[in-house]
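**Student:** Here's the letter readout for the chains.
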Amino acid sequence: MPKSRLIALLLAGWLLALAAPAHALDAAAVAQLAAEDSAAKIEAVGKLAADGDAAAIPILRALQNDELYAAEGRILIVRGDAATDALTGEPVDTAAAAPEPIVVNNRIRNAIDSALAGLRLVAPERELRLAAARELAGGAGAAMLPLIRAALERESDAEIADLLAQAAATIEIGSPDPEVRRGAVRVLGRSDRPQTLELLAGLLRRNADGDFVEPDAAVRAEAEAAIATIEARLFVPRAIGALFSGLSLGSVLLLAALGLAITFGLMGIINMAHGEMLMIGAYTTFVVQTIFRRYFPEAFDAYLLVAVPAAFLAAGLVGVALERTIIRHLYGRPLETLLTTWGISLILIQAVRTVFGAQNVEVANPSWMSGGFHLGADVVLPSNRVAIVLFAALVVLLVGLFLARTRLGLCVRAVTQNRAMADCMGIPTPRVDWMTFGLGSGIAGLGGVALSQIGNVGPDLGQSYIVDSFMVVVLGGVGQLWGTIIAAIGLGEVNKFLEPYAGAVLGKIFVLVFIILFIQKRPQGLFALKGRAAEA
Amino acid sequence: MKSDATFGRRRGWRRMVLGAAAALGLAASAVAQAADTIKVGILHSLSGTMAISETVLKDVALMTIEEINAQGGVLGRKLEPVVVDPASNWPLFAEKARQLLAQDKVAVVFGCWTSVSRKSVLPVFEELNGLLFYPVQYEGEELSKNVFYTGAAPNQQAIPAVEYLMSEEGGGAKRWFLLGTDYVYPRTTNKILRAFLKSKGVADKDIEEVYTPFGHTDYQTIVANIKKFAAGGKTAVVSTINGDSNVPFYKELANQGLKAKDVPVVAFSVGEEELRGVDTRPLVGHLAAWNYFMSLKNPANDEFKRKWAAYAKAKNLPGHKDKPITNDPMEATYIGIHMWKQAVEKAKTTDVDAVIKAMAGQTFKAPSGFIAKMDEKNHHLHKPVFIGEVRADGQFNVVWKTPGPIRAQPWSPYIPGNENKKDEPDLIAKN
Chain A
1 MPKSRLIALL LAGWLLALAA PAHALDAAAV AQLAAEDSAA KIEAVGKLAA DGDAAAIPIL
61 RALQNDELYA AEGRILIVRG DAATDALTGE PVDTAAAAPE PIVVNNRIRN AIDSALAGLR
121 LVAPERELRL AAARELAGGA GAAMLPLIRA ALERESDAEI ADLLAQAAAT IEIGSPDPEV
181 RRGAVRVLGR SDRPQTLELL AGLLRRNADG DFVEPDAAVR AEAEAAIATI EARLFVPRAI
241 GALFSGLSLG SVLLLAALGL AITFGLMGII NMAHGEMLMI GAYTTFVVQT IFRRYFPEAF
301 DAYLLVAVPA AFLAAGLVGV ALERTIIRHL YGRPLETLLT TWGISLILIQ AVRTVFGAQN
361 VEVANPSWMS GGFHLGADVV LPSNRVAIVL FAALVVLLVG LFLARTRLGL CVRAVTQNRA
421 MADCMGIPTP RVDWMTFGLG SGIAGLGGVA LSQIGNVGPD LGQSYIVDSF MVVVLGGVGQ
481 LWGTIIAAIG LGEVNKFLEP YAGAVLGKIF VLVFIILFIQ KRPQGLFALK GRAAEA
Chain B
537 MKSDATFGRR RGWRRMVLGA AAALGLAASA VAQAADTIKV GILHSLSGTM AISETVLKDV
597 ALMTIEEINA QGGVLGRKLE PVVVDPASNW PLFAEKARQL LAQDKVAVVF GCWTSVSRKS
657 VLPVFEELNG LLFYPVQYEG EELSKNVFYT GAAPNQQAIP AVEYLMSEEG GGAKRWFLLG
717 TDYVYPRTTN KILRAFLKSK GVADKDIEEV YTPFGHTDYQ TIVANIKKFA AGGKTAVVST
777 INGDSNVPFY KELANQGLKA KDVPVVAFSV GEEELRGVDT RPLVGHLAAW NYFMSLKNPA
837 NDEFKRKWAA YAKAKNLPGH KDKPITNDPM EATYIGIHMW KQAVEKAKTT DVDAVIKAMA
897 GQTFKAPSGF IAKMDEKNHH LHKPVFIGEV RADGQFNVVW KTPGPIRAQP WSPYIPGNEN
957 KKDEPDLIAK N
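As they're listed, the protein sequences go chains A and B.
Okay, so the first sequence: first residue is 1 according to this note's numbering, each after it adds one.
Okay, so the second sequence: first residue is 537 according to this note's numbering, each after it adds one.
None of these hints come from the bench; they were simulated from the model.
It is possible that part of the hints are untrue.
[What the hints assert, rightly or not] Partial list, computed: chain A residues near chain B (C-beta under 8 Å):
| no. | residue |
| --- | --- |
| 1 | R205 |
| 2 | A242 |
| 3 | R324 |
| 4 | R328 |
| 5 | V380 |
| 6 | G455 |
None of the values given here were measured: they were computed from a predicted structure.
Note that beta-carbon positions come from the ideal geometry of N, C-alpha and C, so glycine has one too.
Excised from the complex, chain B in its bound form (with noise of 0.2 Å):
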């Protein structure tokens, strides 16, 4: 009896031990696994509305992450990548946010694609001080010292654009018809080109806005409104629609017979990617504003076109593993994690802070064959923009360009009460 419960209480203890051991040696071996590698979080819409677009981003930033490892990684550590879908749930993406920030403690995110998941991710970030590369061009009216924008603000996209459109080799457009998706992107940008439009000499009567909402599939009455529009005058229309509306807005155009050098339709949310699957020859013509496009000729565009179809093959990517396509989010992506990389480099860690102050400055050799660099102060890229027309092939022929990168403006001049507004993130976040 007695030497029972003692073998027993002895057995107890050994097993005891056995465990905690056990527990250490996991634990060490979960520090050994975190020292090995840095956690890089990839926040883009594998499923919904938004996929069509943000795919292609998510399988570009794995790339990228192969390509670093592949020469040594980052402060000699390996980057992890952690891909999550939010689902182009706007919601979702705030808590699959903090689940990246807080649970599997990223170091950096790369992801989102429409403004309305940007705002929704927002506060997480400031909240946890978080670093997001935002890939998208976008409506401006933000800057968060949280957040470096590596896509086009509006005086990188859409005035550019809708200034070619008005001059004699755009046409020589008299009226707009703005049409977007419902949401923050799109308004806001209708609204800094309704000012810009009238600063121009534009009336009232000549714009016309309408949006739709999200998967809207059903173009008719707006095309046919937009013919109806076009008998008073010279018009062009601006699309600003997001995600997979894309497909039957291209369509209905086509089928009702709307040709690009009557009514030319300049899209800034449209490129290779979306008209992959679009009979694009009745389309010819129509135009999209972007800051790179994949029929660029320049060696680093060769080079990111060949990286990109080698990595489409070997990962057997549907449609891009026989017809490989880049775009313009996908070369930003590309630059901010490049420039990421840098940062780290040079401030010799991850940690948050440090990586924001020496952003400041980086330049990259991008793909569209220009020095990107990322500005001293409002955290945003310098690109040069072009304008291209679609092609029989659904390319795009540049049609027009800027002769060096410009700077961004996220606080459009256009908008009232933004003269007053600093041209940098404040440096501790508002709450």
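Chain A extracted, bound-state conformation (with noise of 0.2 Å):
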């Protein structure tokens, strides 16, 4: 996250600067921080806030950070083995003191945050008021309205001036003026962020006598009018949001059908070990992520560039020495092969519960992929999402230039359209066969990479997602990487539609009953291949 990065450089950057003054702290404050009760607490991180003295920020940011301790009524800041007295800055021996940590709540978290933005409202560069108007834009205290004020007068920039003036609205709407409430509710018609909806919820909320929170009803109408004005703002991104989770399902089941699409929609096989082809995918990723922890801890968010073609290699190579041994002697026998694969299918399994053990392994997301993009306020795209819907294009992509344009891909489409015609012309045909199916067992353990980063990895990884696998290809057409493509986004999205209206359960239970139907209406799925080329 390169803004969060900055906006750190800046923040240090400028606590440096103000290193130089004098510590004039409210002593009484600070040690007011380590009382036990939580209404103390917070009444001492707003004087220190009030009082509008950067030197606090180091302090609240320790406390944030469970750095805060109190030893024999002094509070000092304990980083590692090293401890500093917060008041003076002093080193402090702590092998006498026995510091107590300070625990702080979300109570008190909350505090500690609108505290440290209404600190970092005087800070000169935008960026960081910037993001303390924001945090405050969300719900200030009430000992931070001076303050608030005091700024927004000397703030220049409109952006941050709005937040600052929603800021100001989030306390004034609890003010006992109802003319200055309404004026405050108008204020936060203007936002787009979550917590102003549940804030102006509040209002209309019925107490335990039985009477609204908000005694005034043109206050209250305004209020509603202002929730329907920022849910048509949010309407738009939430749309978006909804979408992309629909995308973002389908093409994990793009790529973990893909390949499944290669060996069973153009060779024909049923090939029950595909999920497996997946999970071998998944642990060599674990396996290089381990490698590069061990060996190359500096350049960890750069593994996923070797796991790729590594995973790709791994399931390849497994895929092609199935073929070779024992799925070429089953062509043509369709039940034979299926029974064989699943046997395999276990073998693998055990194999690799044999060798990693029965328990989930960890693979950690390089840093990039963590967080997400934001739309407006209230909708995030998490980072790990998008790049595997990049991945999965950009996988597909690969994939259907390599049938089109390459000869191999020219062979292999003869091969799987008319194999005796095509022995004919003197295409080696076996030799397309073992390399059809490596590349479906490769694009199969390219699936197992993107599987990876979102879900768990396991032995048993593989067989959540054979049954997906077969459904996509099948309600896609076998034999059209087309269809195998529309049907998986399409998957996605209906089985995401559904999800809050039906739940989890009964949803996945509609898109099968959804897919029975519609094979039964059209066997050949989607798309079906026209042609004498229909009964190769």
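Got two chains here, separate frames each, mind docking them using the hints?
**Tutor:** Right, dumping it as structure tokens:
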């Protein structure tokens, strides 16, 4: 996250600049941070914020990060083995003092966040002020009002000023004067953040006696209107978010099924061990990650660049070995193939269990895959899912190019459409067979890399995807790459569309029923091959 | 010809004698073996979706057995663990339980995590009069003479957690998103919670219940829906997700930026072990309610952690040898095995009925820092309740606790019809 890193950098620079002036912190307030009672701690945090002295920032940050300790009436900042006095900055020997950590909970953390934001409102850098204003616009403590008002008067940047006005409004919404409350609600109507909705919805709630929390009907009407405008503003990002989650599920299905679309779709092999190719890809990612962690920890974020080709090779080689030793003897005998490959899948699962253990292994996301892209204040597209959608698109593109534009791709199509004729034309069909099967397995390995980034990696990983994979290929139309793509994305979207209404369990059942009905109507799937090729 | 036959017959006779002697000898040695040890069954999933939680319970059970054996065993006999893997497969739990009781003739079984696995083995234990120690928090609504429940009942975990989140200290939640895996424990717990919330004046529109299948990995829609639901007022999420689904769930929470200070998630089946391998920095402040946390500071816990670290290192346990982690069900397993040992010593036999009688009122200095006591009647432990917030290092800060151990209510008063149920099992099994 370059943005947060930038903020951290700015902050560090600013803190350095501030380190020069002498500390003039309210010693009583700092001591009160160690109080037993949360309310007292929050009061102390509020006092430090209201003083507006930036020297309080390191103390509050230490409190936020569980680094603030109390020892014999002194407040210490402890980092690793080094401890310093929070007030004076002098190093302290902790061996004698036995410092006790000061525990904070969510309630106190909320107060700290808004206090820190309040203190940063005077920072000269725009980025810092913007981040602070954003934090405060989500709701601020009543004690912050003068601070926010003062900052608002100084502020020249329109975006920050608007956020500050909203922050002030979140406080003024509790004012005794109904006119002020109405004005505040109107300002809040400009917001696009869910916390504002939460705040406004609170006004329309009834308290224990059955009366409205907000006694004035005009303010309530204003609040309802504000909620409606915010909801309307949130509609588009939320819709994009929902479509994206379907697309993301679809691309996961696509990556899982694409290899099968080649081995089953093009070659006609019912490969029950396809799921295990995914698993091999995922375990390869795990191995590569472990090697990187041990030998190249500084390059850890780049391990996926190695994992992708490694998984392709590992799964592809296992696929080639399977084809050469077992499956080629079974061409044209679908039942035997089905049973044999199922047996192979059990063998592979047990082999992995023996080597890596039965428990899930941990595959960590590289840091650039954590977090997400914000669409407004409410909707976040997680980076790992965005990366997988792009990865799926890339793999599909490469496979499509391979089949359409390369000589080997031409041979593959020729052999799968009419083996005897291809043989007559001098195409070495056995070689094409193992290469195609290896390619299909390798692509499944790539799917495994993607799955390792969003789910759990265990020996049973493949089992949970094999049914979905067959579903996608059959629905898309056997032998059709396009059909597979559309079926995968379509299933993802339908699944995610149904989930909010039917729940995850029922949603999945509906999808299965839908596929059964669809296959009844169109046994060839979405896209049927036409002409002589269909019989091959 | 004749002599040959005689010789042959004699040789045959001799062979028979030899064979019989060998068989006798074998039997005798088998008897000697059986007299030397007491067999103890361990029934935890070592593969499948629940392996993430249960594998470590198998290890802590083995550690405790080793510890007891090092102190001379029970009644002068060593304990012999029999470990089986029911593979997160509920019918297989029943088969493996039958195998342990009927074939291996174990004196006691320590095992199960999910309630569906416990429900699956229960008829077997009642039919064969076996003894099961169940170490995990659960939904209550059950009381069998053949089971001792060393985990929490709802009033020792779920209810205090929800009460905390309703309080000013916990954020004053007004709306509740109940999210769980689709089986008996989450459904029953949520039924109890719904009744409890209603008794506190929470309207139906402010409660949302959502379930996902075991092993579910795609929590995008659910997290987005939690956000939408939270816009209607201060919301808390109560998660009863079990098994490895928790990893993708928490990753999704972090990636979608759902902060604990806005929408706290309290989990009942997530402890230190489940959070291993999740980057907990974005999850700081989310909560869990248990009767034990690894971060508790007291001599009993220090001792427990030290033992576990040494054992994990000695046995080269993956993960734990570098970063030993303890959690609540591990503590409950540890307490259970020790209490069973004490009861056997009190009864002076491993006979199930005698041990059940001797279990009543047993006490043990638990790693939670309190004296855990087996209730005289209801087969549940008296336990303290802790509510912890996730720290950046994957441990928990205790933010609330009961002053002392509280008694379990297996029959929750929030489920209608429970008023008349007896707080002790029928002494004669129902069938």
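**Student:** Hint V380 of chain A vs chain B: min CB-CB distance below 8 Å?
**Tutor:** holds, 5 Å
**Student:** Does R324 of chain A meet its interface restraint, that is, does its C-beta lie within less than 8 Å of any C-beta in chain B?
**Tutor:** violated, 30 Å
**Student:** Please check whether A242 of chain A passes as an interface residue: C-beta within 8 Å of a C-beta belonging to chain B.
**Tutor:** holds, 7 Å
**Student:** Against chain B, run the beta carbon of G455 of chain A and see if the smallest gap drops under 8 Å.
**Tutor:** holds, 4 Å
**Student:** Let me know if the C-beta of R328 of chain A comes in closer than 8 Å to any C-beta of chain B, holds or violated.
**Tutor:** violated, 32 Å
**Student:** Classify the hint on R205 of chain A as holds or violated, based on whether any CB of chain B lies nearer than 8 Å to its CB.
**Tutor:** Holds. Min distance 6 Å.
Taken one by one, the earlier hints fail for this structure at numbers 3 and 4, listed in ascending order.
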